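J.: Could you build all of it, start to finish, from the sequences and the hints given here?
Those protein sequences? They're chains W and B, same order as listed.
The first sequence stops at residue 355 when you use our numbering, and every number in between is there.
The second sequence stops at residue 1355 when you use our numbering, and every number in between is there.
Derived by calculation from the structure, the hints in this document are not laboratory data.
The reader is advised that the hints may include incorrect statements.
To be verified - Where chain B lies over chain W, by a calculated footprint (3+ residues, C-beta under 8 Å):
#1 136-147
#2 259-268
#3 291-299
What the hints assert, rightly or not - Chain B residues, not near chain W, derived (Cβ > 10 Å throughout):
#4 Asp-1014
#5 Gly-1118
#6 Thr-1164
#7 Arg-1176
#8 Val-1218
Source: prediction; values computed, not measured.
The C-beta atom is built at its ideal place from N, Cα and C for all residues, glycine as well.
Spelled out, the chains give:
There are 2 protein chains.
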Amino acid sequence: MAGRRRQAGVTMQDVAAIAGVSIKTVSNVINGYPYIRPGTKERVEAAIEQLGYRVNLSARNLRQGRTGMIGLAVPELSLPYFAELADSVIRAAERRGVIVLIEQTNASRERELEVLHGQRRHVTDGLIFSPLALGTEDRAAFAVDFPMVLLGERIFGGPADHVTMSNVEAARAATRHLLETGRRRIALIGSHEGETVGSAALRQRGYEQALAEAGLPVDPALLGEAGLWHRSTGAEAMARMLDAGTEVDAVFGLNDALAIGALHVLHARGVTVPDEVAVIGFDDIEDAAYASPPLSSVAPGREQIAQTAVDLLLARIAGTAPDEHVEVITDFAVVPRESTVGAVRPAAAASPVVA
Amino acid sequence: MAGRRRQAGVTMQDVAAIAGVSIKTVSNVINGYPYIRPGTKERVEAAIEQLGYRVNLSARNLRQGRTGMIGLAVPELSLPYFAELADSVIRAAERRGVIVLIEQTNASRERELEVLHGQRRHVTDGLIFSPLALGTEDRAAFAVDFPMVLLGERIFGGPADHVTMSNVEAARAATRHLLETGRRRIALIGSHEGETVGSAALRQRGYEQALAEAGLPVDPALLGEAGLWHRSTGAEAMARMLDAGTEVDAVFGLNDALAIGALHVLHARGVTVPDEVAVIGFDDIEDAAYASPPLSSVAPGREQIAQTAVDLLLARIAGTAPDEHVEVITDFAVVPRESTVGAVRPAAAASPVVA
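T.: As structure tokens, then:
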């Protein structure tokens, strides 16, 4: 069972001869195809076992100088937004017959440089990269000799093709939605004081624009700092704000994880949502729809981002993309749910989920 | 900016000569190191731009015939358990100086075979693989000539090293926890009727053992079928059971996603948790702690699984693992939260989160 050693020179022919079947049948057994005659599979497996045969991967040559694989580098898979983005990219690539290898950078500068210049760029035809540590000041590091599509809000103006979302406009729409439900003391959770680039700065700008349109000032007491945008940091920012006695009638979490952290603290303090405090997030991750109460959010077109990034990258790899780098900005939609607009109870026997 | 063409033969020396700096300085700029004298970085960037220099990755040779990369293949990253497992494996590998390339199989048989026999096995030194479609009947497909550690409950008895959890015992403990809080009508959400292997069968066995110990029968009306273990399928199973008029005072979701789906339906129907129905999940994903109410769960030792799998694989790659294949079963712990034991409200000013 264990500790078998590969025997040099054993081929699929040898296995076929011992098992008394064709090479095609050996290949079918190894590749797990169904519809193999009873007894045949067992004979082939016995021959494989007896000879210590192993599939010789290194004999397979790459066609066309391409690997059929693309890289996707994201900060953290434990953040649902990036896990769901990865899932969407994988499915979009699969529809085009391409495999995705995923790398996680932990938002570390060193790891992000390694993504750009490390040896695993040998094995992919191109890269979809959502940097979080590197930014506009690192333009030289983005000078790479392989096709690349950038995601996110860290670097603009073209070292590569770029797919991004309408951060300012989407955040303004989320804030307007809270204002339209009569809220006036809207906490912003996820602020990054002093930053002028990146998602936090852009989304906060949208929040401030919506307040200005409504004739409301920006109250610094309502700006909740959170470094990384996790559930835990959202909970901490919400708790600090409540502990400080800040009056709040609504919360805009700059992503859904922060908003879910805020919901957690409101629940623990016995604050009712949305009666006392309305809450909206950003990203529309699957968690949002299943939160209790279901969390309103902004859907930033994740499927469109993934599909566009894959299409752009494959066009760049195939040499059919335009000479100039392309910047694509995806659509968004506010998704109102119970956390801002209250419960819409179904009739007793019907379920909103199964319907 | 765009459409630049790489000039053949341009070297780092050329860039250094044009910029009037050392090769080391060019390398530092390209690799994004801080502490470069003002002006120097701009000169190097201008020279890179002028010459069309690109880092030549293909010139870097692999050392020792190893790539320093391992593969991790999981069914779905959009399932938080696998996203968090991937995160844990990446961090464990990073502590050992190894990069992880992640692949998603979508629980497809074809994709799982491709993981075992596809060309990307050229580029990794070994594989950590959590199969969901392949099983014990596919032993031949697991005959590979590279180091591999299996995760999960699909295949036992040794085609490779194997790290798994105490499914039966952990599920029994979760069910006992519900029985100890006085529950008697415990719905099981996530059942796979007719299956005798895999997580569903093992966890259901634990549930049945706990009921038997308490002298309770297994009521088929309380077994909620769910194919894939998603939030949506958990919600559907819960809704079907309630629609059928089945009396329920507790729910055991065979994973947290199923339990969160059930919580969602209970919330929508106005059923209070845990007063009317107690709910426990399995996996202890981060979502569980942040659910409203916070979801009790079983922590299956995810960090230990990741660390053990990485250590075993690296030992196998280095040739220091035992000849016989190893099977490691990790510890578990029931984590009681509000969804089974009710609220423990903090003092007015204190926060359970910040504390």
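J.: The structure should be examined with respect to each hint, and the outcome stated for every one.
T.: Hint check results:
Against chain B, the segment 136-147 of chain W contributes 8 residues with a C-beta closer than 8 Å to a partner C-beta. That satisfies the three-residue criterion, and the hint holds. Check on the segment 259-268 of chain W: 7 of its residues sit with their Cβ under 8 Å from a Cβ of chain B, so the three-residue criterion for coverage holds. Residue count for the segment 291-299 of chain W with a Cβ under 8 Å from a Cβ of chain B: 4. That meets the three needed, and the coverage hint holds. With 10 Å as the threshold on Cβ separation, the claim that B:Asp-1014 sits away from chain W holds: the shortest Cβ distance comes to roughly 14 Å.
At roughly 7 Å, the least C-beta separation between B:Gly-1118 and chain W is not larger than 10 Å, which violates its mark as non-interface. With a closest Cβ-Cβ approach of about 16 Å to chain W, B:Thr-1164 is found to remain outside the 10 Å limit, as its non-interface label requires. Residue placement check: B:Arg-1176 keeps its beta carbon more than 10 Å from all beta carbons of chain W (closest about 26 Å). B:Val-1218, annotated as away from the interface, keeps every beta carbon of chain W farther than 10 Å; the closest lies near 25 Å.
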